[in-house]
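Visitor: Letter by letter, the chains look like this.
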Amino acid sequence: MIDQHRQAFKEEAYELLAELETSLLELEERPDDIDLIGRVFRAMHTIKGSGSMFGFDDIAAFTHEVETIFDMVRNGKLQVTARLVNLTLAARDQIRAMLDAADEVGEGADLEESGKIISGLRELAGFLPTAAAAPAVATAAKKPENLVTYRIRFVPSRDIFITGTNPLTLLQELKELGTCSVVAQTGAFPCLEEMDPEACYVFWDLILTTNQGENAIRDVFIFVEDDCELKIEQVAEHSQFDEPQDYKKLGMILLERGDITAEEMDEVLAQQRKFGELALSKGILDEGKLQSALVEQRHVKEVRQEKQATEAASSIRVPAERLDLLVNLVGEMVTVQARLSQTAAQRADAELLAIAEEVERLTAELRDSALNIRMLPIGSTFSKFKRLVRDLSVELGKQIDMTTEGAETELDKTVIEKLNDPLVHLIRNSIDHGIELPEARVEAGKPANGTVHLAAVHSGDSVVITIEDDGAGLDKEAIRSKAIEKGIIAATAELSEKELFGLIFAPGFSTAKKISSVSGRGVGMDVVKRAIEALRGSIDISSVRGKGTTIAVKIPLTLAIIESLRVQIGADSFMLPLALVDECVELTREDVARSHGRNLARVRAQMIPYIPLREHFRIQGDPPEIQQIVITQVNGVRVGFVVDQVIGEHQTVIKSLGRAYRDVDGISGATILGDGSVALILDVPQLLQSVEEKQP
Amino acid sequence: MDDLKLECRQDPKAAGKQVLKVSGGVTIGDAGGLRQALLAALEKGSELQVDLSEMTGIDLTGLQLLCAAHQSALLGGKWLYITDGGNMTFRDMAAGAGFRRHTGCARDTSYSCIWAGGES
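For the protein sequence lines, the chains are A and B, in the order given.
Be aware that the first sequence starts at 1, since it is given in full-length UniProt numbering, and climbs by one per residue.
Be aware that the second sequence starts at 1, since it is given in full-length UniProt numbering, and climbs by one per residue.
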């Protein structure tokens, strides 16, 4: 159970750190933004508080130091500077390292690094380590309890002012522990003639909702405890989710407080008027006590309403593995549903067919819901890149701003995870080789600051992510010469601009004269392309010399279940991702004969190259008289795949192939059909590539 | 806080009405003086307006004295009320100390409680 809470804290802390990083980067741009300063402070405060609660004392102590500095910033005692942002970003990284190291056997986070960061921050704040830091850390490590409402009666001694104590300071300290309502009881005041002006006649009823525990309340009164009457009672604990909305009746509160007796309450209840009014009119209660009880009633009601509103609006944190399991189970269900539909169709039983249709509808809804749960906005990934851009700019002496658009665009979490590395590589390339040094930019008549623009937008069942820089652009001649030198193209080859840019994805291709530590334009781009294609995506480049380069990555929304087109060759079934399919046309034996073995079909006056899959996969038997060409479109190029028959659309639950088949070209996975047989999912971009490579 | 200044005068427009202007800050050291000034002002007329618009601070002793003065006025069949001219220092202090309330105390038979009308 404890591990579960620790895990929940870690998950929350990782999210807070991501948010913290974004806030810090924004703060660097707008150092006077009070909201941002508040966000940084709150993130640190939450990590510290929750960290100490779940036993991450080292994290709590370290974070406390940063929080202290940001409290000074918050109070206008310290300015936000580049050094402060740098140190705080380093502190953020250090907290992350401490989180990573927590619960792992072996080496922990680098303590020396923590010390360096703290010294830097303290130096910045103008104070050196003090002994006071230790008790502060100890306080941070104190474990708060659940949210509890306390009723506190504080009756100071009559001569409290003479001892130099100001009770209002104590009230203020108490208010800092949580939500507090204060009622001064003035009923015991004498009239002015009899009043000693230097004596204290007032006492207080306080209603405090806090998670700090009773000891923290007692600590407030520690120096006056011998000089006052202090009564602390717990009146409500708010840990119950289903606690009733109504708090205690007024009479019950007064009875509990000892302000009325049970007999007096019964007597009043026998009447039909409002309890408070009746109790007052009977003279068994003074107005101050009634006022105090009413305040308690209202206070608890408000705390509960606020808590319930927060709970209603909040989300549930679920481990990613449970969602993966849910999606897998839904996938199994989709397969079984396909089997049910197929069986029902075969039996021609009207009732069974109706049930199958109902199950089909429900399964589709369930599938969409399950997949939607895993959808996450791509914004958090964008934020990470902001840090990457910042760090690389500093490293390379460039001035680069990053702008983003469409951060709210949602993608399946597995897609987002797998997309991270290719995008990092593309951004690194843009910064390293795309954007020029400030002097070169100014010389070229551009602003000294370069820009990398990252955008995400939905496009059908895909998302298109573009990385656009305003750098030097690709050098077509350099690419061409390099390709000839590497023997990738012939010296006489005539290539379109698209084909030319596509060469940078060839393995080992690079136009960089010197390969830097960051990247080389082209170095590893083949890896990027493979990673994108493994996600069933495509990548497209456009570039204008001197103006910049735009790389568009098109990725399917999810990797778990896809809409596909089922085709048949002999007894075998294959699936083609529907998103890539443009249309299907017939191919007769005469058409084949007319193309003289060139595998070209005329479709509405356009010549479309095609790949006969029966031949490609060496499937035995003769093709039918009339075959079908499924025309696909990848990166703007239309290519056909010849199959025996097109069966129709199909919900395809993707199953990865075993290790032995991982390197089979042209196949990206498999799926189970309604009759229990297996159909292979075609990897269209890879098929095209392998066919191209085989051509002389 | 500025030094306390107490000025009491007869309102020229209303016979029997005294106006006690409290300027500066009220601390425990001034409490005796304020008590005397309130008693004297209540003695002089049937109506007392305590003007706190230029008051720059008040501690618990001051709040207690104002409350007690109101109770004394009620007992003597007189009327005491406060005008603060929107003085937030006074309002914040009274609210923070928990003096603000919905209805007056048991002695407030004329519904003239100086703290009523606020939240506690």
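Because the hints were derived from the structure by calculation, they are not lab data.
Note that CB positions come from ideal geometry on N, CA and C, so glycine has one too.
A hint or two may mislead.
[As the list claims (entries may be wrong)] Far from chain B, some chain A residues (derived; all Cβ distances over 12 Å):
1) Phe9
2) Lys10
3) Asn166
4) Met333
5) Ala455
6) Lys476
7) Gly669
[To be verified] Simulated restraints, written as ranges between beta carbons of each label pair:
8) A:Ser157 with B:Thr83: 27 to 37 Å
9) A:Glu233 with B:Gly96: 16 to 26 Å
10) B:Gly29 with A:Ser157: 11 to 21 Å
11) A:Glu256 with B:Pro12: 48 to 58 Å
12) B:Pro12 with A:Glu198: 34 to 44 Å
13) A:Leu437 with B:Gly96: 53 to 63 Å
14) A:Lys301 with B:Ala40: 43 to 53 Å
15) B:Ala40 with A:Glu233: 43 to 53 Å
16) A:Glu233 with B:Glu43: 21 to 31 Å
17) A:Arg298 with B:Gly96: 12 to 22 Å
18) B:Gly29 with A:Asp93: 29 to 39 Å
Visitor: Against the range 43 to 53 Å, how does the distance between the Cβ atoms of A:Lys301 and B:Ala40 compare: consistent or not?
Guide: The hint (43 to 53 Å, Cβ to Cβ) holds, given that A:Lys301 and B:Ala40 are roughly 46 Å apart.
Visitor: Is the Cβ of A:Met333 more than 12 Å away from each Cβ in chain B?
Guide: 56 Å, holds
Visitor: Cβ-Cβ distance between A:Ser157 and B:Thr83: within 27 to 37 Å?
Guide: Holds, at about 34 Å.
Visitor: Do B:Gly29 and A:Asp93 keep their Cβ atoms within the hinted range of 29 to 39 Å?
Guide: 55 Å, violated
Visitor: Would you say A:Gly669 is clear of chain B, with no C-beta pair closer than or equal to 12 Å?
Guide: It holds; A:Gly669 is separated from chain B by about 65 Å at its closest Cβ, greater than 12 Å.
Visitor: Kindly confirm whether 12 to 22 Å is satisfied by the beta carbon distance between A:Arg298 and B:Gly96.
Guide: 18 Å, holds
Visitor: Range first: 11 to 21 Å. Now tell me if the beta carbons of B:Gly29 and A:Ser157 are that far apart.
Guide: The hint (11 to 21 Å, Cβ to Cβ) holds, given that B:Gly29 and A:Ser157 are roughly 20 Å apart.
Visitor: Okay, A:Leu437 versus B:Gly96 on CB: inside 53 to 63 Å?
Guide: 59 Å, holds
Visitor: Is the claim that A:Ala455 lies outside the interface with chain B correct, judged by CB distances over 12 Å?
Guide: Nearest chain B Cβ is 49 Å from A:Ala455, so the label holds.
Visitor: Is the hinted range of 43 to 53 Å satisfied by the C-beta distance from B:Ala40 to A:Glu233?
Guide: 44 Å, holds
Visitor: Does the hinted range 21 to 31 Å hold for A:Glu233 and B:Glu43 at CB?
Guide: Because 45 Å falls outside the window, the suggested range is violated.
Visitor: So A:Lys476 supposedly isn't at the interface. Is its beta-carbon more than 12 Å from every beta-carbon in chain B?
Guide: Label holds. Min Cβ-Cβ 71 Å, cutoff 12 Å.
The earlier numbered hints that this structure contradicts are 3, 16, 18.
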